[in-house]
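Line by line, the protein sequences are chains A and B.
Heads up: the first sequence runs through residues 497 to 607, numbered per this note's numbering.
Heads up: the second sequence runs through residues 144 to 256, numbered per this note's numbering.
If you're looking for bench data, these hints aren't it; they were derived computationally from the structure.
Check each hint, because a few of them may be wrong.
In silico DSBU-like links for lysine-lysine, alpha-carbon gap of 35 Å or less [claimed, not checked]:
#1 B:226 to A:538
#2 B:221 to B:185
#3 A:538 to B:200
#4 A:538 to A:575
#5 A:538 to B:185
#6 B:185 to A:575
#7 A:575 to B:221
#8 A:541 to B:185
#9 B:185 to B:226
#10 A:538 to B:221
#11 A:541 to B:226
#12 A:541 to B:200
#13 B:200 to B:221
Some chain B residues flagged as far from chain A (calculated, every beta-carbon gap over 12 Å) [to be verified]:
#14 170
#15 200
#16 206
#17 207
#18 208
#19 212
#20 215
#21 216
#22 217
#23 221
#24 223
#25 228
#26 229
Label-pair ranges, simulated between beta-carbon atoms [claimed, not checked]:
#27 B:159 to A:562: 43 to 51 Å
#28 B:209 to A:522: 29 to 37 Å
#29 B:144 to A:551: 15 to 23 Å
#30 B:159 to A:552: 47 to 55 Å
Don't be surprised by glycine CBs; every beta carbon is placed ideally from N, CA and C.
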Amino acid sequence: RKEVEQDPGPFNVPEGATVAFNCTYSNSASQSFFWYRQDCRKEPKLLMSVYSSGNEDGRFTAQLNRASQYISLLIRDSKLSDSATYLCVVNGDTGRRALTFGSGTRLQVQP
Amino acid sequence: EPEVTQTPSHQVTQMGQEVILRCVPISNHLYFYWYRQILGQKVEFLVSFYNNEISEKSEIFDDQFSVERPDGSNFTLKIRSTKLEDSAMYFCASSDQDWSEAFFGQGTRLTVV
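Starting from the given sequences, assemble the full structure and let the hints guide the process.
Take a look at the structure:
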């Protein structure tokens, strides 16, 4: 059974571009949803939580569609420093309360 | 800003040896976790710990693994007899609520030779 699925990328975009990442999860009973960012060989860092109403934090917008079991992340005006792997993370996807991670989508922002 | 700290940052051990990875979670957090990430693969859940006992564990967390909170601040992961396939980055994390985001330490890179 597939758990949290993401397109692995890489997404290569120029500075200033808008880029969107998608993620699907398998368990409709999942309760909490997040995007984390991971730089090469570093720990995952929380980017933002994701709510059904949609939420925005500066250049980042996250959206949750519970009916489709789909999560998205939009990054506007990409910066070189946005280059990283973006991890879709869900509580309860496997019936477990702990976080379940997607494999991540790699973003490379180019000058 | 409070953070999760892990020691050591890198550990090299011989196959069959015991290792203990150490973590100091964020001080007012109640839920503690260990995850691992094999190079090039996704972050995998090992175990969660709450109220001085294991609350969940994955299939990876077999009898070779154990966790302990020996005092009010440390949280440890012990691997009794390491195997080559235990080589990975081990992340400790903590959270203040159930079903909420977790904050990760910088990891311990374990290399089994």
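Could you check the structure against the hints above and give me the numbers of any it violates, in ascending order? 7 and 15
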